[in-house]
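Engineer: In terms of the UniProt record's numbering, the sequence shown opens at residue 1 and continues consecutively.
Hint data in this document are derived by calculation from the structure and do not stem from the laboratory.
In this text, a Cβ means the ideal position worked out from N, Cα and C, and glycines have one as well.
Keep in mind that a hint or two might mislead.
Said to hold, decoys possible - Label pairs and their in silico Cβ distance ranges:
(1) Ser125 x Asp45: 13 to 23 Å
(2) Ala98 x Gly23: 29 to 39 Å
(3) Trp31 x Lys97: 14 to 24 Å
(4) Glu54 x Gly23: 32 to 42 Å
(5) Gly48 x Pro106: 15 to 25 Å
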Amino acid sequence: MSATAGQAQGERGLAERLGLKPGQVVQEIGWDEDVDDELRDSIEDLTGNELLDEESDDVVDVVLLWWRDGDGDLFDALTNAMRALAEGGQIWLLTPKAGRDGHVEPSDIGEDAATAGLSQTSSISAAPDWSGTRLVAPKGRR
1 MSATAGQAQG
11 ERGLAERLGL
21 KPGQVVQEIG
31 WDEDVDDELR
41 DSIEDLTGNE
51 LLDEESDDVV
61 DVVLLWWRDG
71 DGDLFDALTN
81 AMRALAEGGQ
91 IWLLTPKAGR
101 DGHVEPSDIG
111 EDAATAGLSQ
121 TSSISAAPDW
131 SGTRLVAPKG
141 RR
């Protein structure tokens, strides 16, 4: 396998770890200079769509929410993120890993997600500096 093919597979693997599929529409909220561009690129490569910004009014399959301690009220951000989600959609909450500036305690994520009516289904290492938490609305509330 060539280095380029291996690199493309590795980048695609970042988005696949999030469970994303070709054709899905992803909205990105909370972009700042500290986000992981490799993850962003891999999502666009895999889905075949550009990431929609937070001003978009389109219905989306996935919301990618970059969140840092100090960004404001997480409950409000999650509630707003749910407005654009299609039935059966998901939110990937991306937060800085422990020990990094802006780290958010998992207990805070769990509490605010539950208050917003979301269930945490999985947590992964989404990128070198970012953890990902997959949040979905319970089946009865979708």
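Engineer: Taking the beta carbons of alanine 98 and glycine 23, is their distance inside 29 to 39 Å?
Structural biologist: With a Cβ separation near 34 Å, alanine 98 and glycine 23 satisfy 29 to 39 Å, so the hint holds.
Engineer: Take the C-beta atom of tryptophan 31 and the C-beta atom of lysine 97, compute their distance, and say whether it sits inside 14 to 24 Å.
Structural biologist: This hint holds: roughly 18 Å between Cβ atoms.
Engineer: Are glutamate 54 and glycine 23 spaced within 32 to 42 Å by their CB atoms?
Structural biologist: 21 Å, violated
Engineer: Does the Cβ pair serine 125, aspartate 45 satisfy 13 to 23 Å?
Structural biologist: 19 Å, holds
Engineer: Can the suggested window of 15 to 25 Å be confirmed for the beta-carbon pair glycine 48 and proline 106?
Structural biologist: 33 Å, violated
Checked against the numbered hints given earlier, this structure breaks hints 4 and 5; the rest are met.
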